[in-house]
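A.B. asks: Sequence:
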Amino acid sequence: SLSSLCSRITIAIFKGDDKVKTINQQSDTEGFGSFSVELEPAEYRLVVIAHNGTANATISLPEKITFPSNECTDTFYNYSVFSVEEDTEISLSLKRCVAAVKISLLDNIPEDVAKMKFYYTGGSSTFDAVSGHGCVNSRQTEVFDVTESMHAAPSYFQVYTFPHEVSGNLKFTISALDGSDNVVQEKVFSSLPVSSNKVSVWEGIFFPSTYDLHSTSAN
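In our numbering, the protein residues as written are 6 to 224.
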C-alpha cells in the first residue's frame, strides 16, 4: 500500500502556470491517497508527490518541486493533464523518481566514530515532474548518527537523489566522524553511476585495521 512506502503526499493543481489548489496529506490520517476538489470547467495540470520527508514538498510549478532542507527521500510522482467538463473520477498511478545509493559496510564501525557523513554531487534535490528528472545541480549531504548496534555488527546506509535527464554519475565522499566532527576515515567514489528506480550498491570493508591513511579512492 502507499502508506507502507510513503508518509506524505502533496497534490497541486495548476491552470497553466497558476496554482489553483494544494492538498497535503499524511499517512496517519484517514483517506490517505484519496482526495476531491471542486474546479471550474477548464484544462488543468496535476502533480502528485509522495515521499518520506519530515515536512511537505513545495510545488512552485510542475517543473520545480523542492523538499524541506533539500532532503531527498524515497519519492514517487504523477504528472497528468486533464479537462474538467462534468463530475470526473481519476485513478492515478505513481512512479518512483529517485535513484538510491546503498553503502553496505562489512566491518563494524569503530567506537570512536559518532557519525557517518555522505556528501555527493552530480544529482539533484529539486525535481521536475514534467520531465520526470532532477533539474538543478545540487550538492547533497546526509549525516547519520552511529548507534551502538553499528559498533557491534555490519551496517548499511541509503541515500537518494533525483537523476538528471542525461544519465550521469555521482561523485561521492563518505566520511566517518568522531564526536567533534573530525574525520576518522574517508573514502571517495569518483564515478558512481545512478538511474531512476534503481539502487547502486557499494559493499566492502570501510575501516582499515589502522588509521595511518585517512583517505582512499574507489571507482
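Be careful, since some hints might not be right.
What the hints assert, rightly or not - Here are the simulated DSS-like cross-link-like pairs (lysine-lysine), alpha carbons at most 27 Å apart as the crow flies: (1) Lys20 <-> Lys122; (2) Lys26 <-> Lys100; (3) Lys107 <-> Lys120; (4) Lys107 <-> Lys24; (5) Lys69 <-> Lys26; (6) Lys120 <-> Lys100; (7) Lys192 <-> Lys203; (8) Lys176 <-> Lys203; (9) Lys107 <-> Lys203; (10) Lys122 <-> Lys176; (11) Lys100 <-> Lys24; (12) Lys192 <-> Lys100; (13) Lys69 <-> Lys120; (14) Lys24 <-> Lys69; (15) Lys192 <-> Lys107; (16) Lys122 <-> Lys203; (17) Lys24 <-> Lys122; (18) Lys20 <-> Lys120; (19) Lys122 <-> Lys107; (20) Lys69 <-> Lys203; (21) Lys107 <-> Lys20; (22) Lys176 <-> Lys69; (23) Lys69 <-> Lys100.
Think of the hints as simulated: they come from the structure by calculation, not from any bench.
A.B. asks: Of the numbered hints stated earlier in the document, which are not met by this structure?
C.D. replies: When the structure is compared with the hints, numbers 1, 4, 6, 12, 13, 17, 18 and 21 turn out to be violated.
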